[in-house]
Amino acid sequence: MGKMKGAIVVDVERCKGCTLCIVACPKDVISLAERKVNTHGYAYVTAARPDDCIGCASCGIVCPDGCITVYRKKMEDSHEQ
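The sequence shown begins at 1 in full-length UniProt numbering and counts up one residue at a time.
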């Protein structure tokens, strides 16, 4: 059986840096971008550890502004024949 791999895309112009997604992420994938702000002056979130994302969508569900899109892909097990 394959493992799920996830990826997130953050609309940085809409993100207000509320950090709800950071708290919701079970794999600590998301963090605030260091010393970066969007055109509105808000620090925004980014996928700091994208390889750890499992695509659970917790971040997208809690985002009050709908800034996060979550993608999921089933990865084939390399041991299958």
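Some hints could be false.
Stated by the list, open to error - Mimicking BS3-like on lysine-lysine, the simulated pairs with C-alpha atoms at most 27 Å apart in a straight line are:
hint, residue 1, residue 2
1, Lys27, Lys5
2, Lys74, Lys16
3, Lys3, Lys73
4, Lys36, Lys3
5, Lys36, Lys74
6, Lys5, Lys73
7, Lys27, Lys16
8, Lys74, Lys5
9, Lys16, Lys36
10, Lys27, Lys3
To be verified - Derived CB-CB ranges, DEER-like:
hint, residue 1, residue 2, range
11, Gly41, Lys3, 35 to 45 Å
12, Met75, Val37, 29 to 39 Å
13, Ser31, Lys5, 11 to 21 Å
14, Lys16, Glu76, 36 to 46 Å
15, Lys74, His40, 11 to 21 Å
16, Gly41, Lys74, 14 to 24 Å
17, Lys74, Val37, 28 to 38 Å
18, Asp11, Arg49, 12 to 22 Å
19, Val23, Arg72, 33 to 43 Å
20, Glu76, Gly41, 40 to 50 Å
21, Arg14, Arg35, 15 to 25 Å
22, Thr39, Met75, 15 to 25 Å
These are calculated hints, taken from the structure and not from any lab test. Each residue gets a CB set at the ideal place from its N, CA and C atoms; glycine is no exception.
Consistency of the hints with the structure:
As the CA atoms of Lys27 and Lys5 are separated by approximately 12 Å, the hinted pair is consistent with the 27 Å bound. With a C-alpha separation of about 31 Å, the suggested pairing of Lys74 with Lys16 is violated against the 27 Å cut-off. Only pairs whose Cα atoms come within 27 Å are accepted, and Lys3 paired with Lys73 is accepted, the gap being roughly 8 Å. Straight-line distance between C-alpha atoms of Lys36 and Lys3 comes to about 33 Å, which puts the hinted pair past the 27 Å bound.
Between Lys36 and Lys74, the direct Cα distance comes to roughly 33 Å. Violation of the 27 Å bound is thereby established for this hinted pair. The hinted pair formed by Lys5 and Lys73 meets the criterion: a straight-line CA distance of about 5 Å does not exceed 27 Å. Our distance criterion of 27 Å between C-alpha atoms is met by Lys27 and Lys16, whose separation comes to about 21 Å. Distance hint between Lys74 and Lys5 is fulfilled; the C-alpha atoms sit about 6 Å from each other, no more than 27 Å.
Proposed proximity of Lys16 and Lys36 is supported: the alpha carbons are some 12 Å apart, at most 27 Å. Only pairs whose Cα atoms come within 27 Å are accepted, and Lys27 paired with Lys3 is accepted, the gap being roughly 15 Å. At about 39 Å, the CB distance of Gly41 to Lys3 agrees with the hint of 35 to 45 Å. The supplied range of 29 to 39 Å is met by Met75 and Val37, whose beta-carbon atoms lie about 35 Å from each other.
Evaluation of the 11 to 21 Å hint for Ser31 and Lys5 yields a pass: the beta carbon distance comes to about 20 Å. As the Cβ distance of Lys16 to Glu76 is approximately 38 Å, the hint placing it in 36 to 46 Å holds. In this structure the hint that Lys74 and His40 lie 11 to 21 Å apart at CB is violated, the actual value being about 37 Å. At about 39 Å, the beta-carbon gap between Gly41 and Lys74 misses the expected band of 14 to 24 Å.
At about 36 Å, the beta-carbon gap between Lys74 and Val37 stays in the expected band of 28 to 38 Å. Distance hint check for Asp11 and Arg49: the Cβ-Cβ separation is about 20 Å, which falls inside the suggested range of 12 to 22 Å. Checking the proposed 33 to 43 Å range against Val23 and Arg72 shows it is violated: the Cβ atoms sit about 21 Å from each other. For the pair Glu76 and Gly41, the beta carbons lie near 44 Å from each other, so the given range of 40 to 50 Å is met.
Our hint of 15 to 25 Å for Arg14 and Arg35 holds, since their Cβ atoms are close to 20 Å apart. Evaluation of the 15 to 25 Å hint for Thr39 and Met75 yields a failure: the beta carbon distance comes to about 36 Å.
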